[in-house]
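Novice: Sequence:
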Amino acid sequence: MSRRKPTPRPRPSAPAPAVTAGSPCPCGLPAAYGDCCGRFHDGSGGTAPTAELLMRSRYSAFVVGDAAYLLRTWAPATRPAVLDLDPGTRWTGLEIRDTRDGTAFHRTGTVAFTARYVQGGEPGALAEHSRFARHDGAWVYVDGDFPED
Numbered sequence: 001m002s003r004r005k006p007t008p009r010p011r012p013s014a015p016a017p018a019v020t021a022g023s024p025c026p027c028g029l030p031a032a033y034g035d036c037c038g039r040f041h042d043g044s045g046g047t048a049p050t051a052e053l054l055m056r057s058r059y060s061a062f063v064v065g066d067a068a069y070l071l072r073t074w075a076p077a078t079r080p081a082v083l084d085l086d087p088g089t090r091w092t093g094l095e096i097r098d099t100r101d102g103t104a105f106h107r108t109g110t111v112a113f114t115a116r117y118v119q120g121g122e123p124g125a126l127a128e129h130s131r132f133a134r135h136d137g138a139w140v141y142v143d144g145d146f147p148e149d
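Under the UniProt record's numbering, the letters of the sequence shown match residues 1 to 149, in that order.
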């Protein structure tokens, strides 16, 4: 009788705790989700007033699985027709590394960030240098570069 080695299986990610209006905002700012990014997601807070706040609200949309918000805040010229979020990815933290322009006085802005996640039980990080622009008066995500380091 031969001994077979067990086939390694990816460890499932622990489900993320549900985010409620009173939960700490996933974006990392010291506010409740409902008073921070949640108000942009549900429209009660209008649109994000800066590129950095839009970036934070988009990260939070990934955390809560709000694909409609992600599409709504994507520039029409670069927006995909559909966006399928991976339910196996659990986003665990956001670090804003740099912000350039992107205020009420600008038409464009950039935000460099690192988003941390767990997928298949393994931790990972996504670093991006995102570009934002005004479209019909509101900030939208245009595109991004993914630095190697």
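Read the hints as simulated data drawn from the structure, not as lab findings.
Heads up, some of the hints might be wrong.
[What the hints assert, rightly or not] Pairwise CB distance ranges (calculated): (1) Asp84 to Arg107: 30 to 36 Å; (2) Asp136 to Glu95: 16 to 22 Å; (3) Ser23 to Arg107: 29 to 35 Å; (4) Pro76 to Asp145: 27 to 33 Å; (5) Ala31 to Ala77: 29 to 35 Å.
Computed from a prediction, not measured in an experiment: that's the story for all the values here.
A virtual CB, placed ideally from N, CA and C, is assigned to each residue, including glycine.
Novice: Does each hint hold? Answer for all of them.
Specialist: For each hint, the structure was consulted:
1. Asp84 to Arg107: 30 to 36 Å: 31 Å, holds
2. Asp136 to Glu95: 16 to 22 Å: 30 Å, violated
3. Ser23 to Arg107: 29 to 35 Å: With Cβ atoms ~34 Å apart, the hint holds.
4. Pro76 to Asp145: 27 to 33 Å: 20 Å, violated
5. Ala31 to Ala77: 29 to 35 Å: 32 Å, holds
Consistency with the previously given hints fails for numbers 2 and 4, ordered from lowest to highest.
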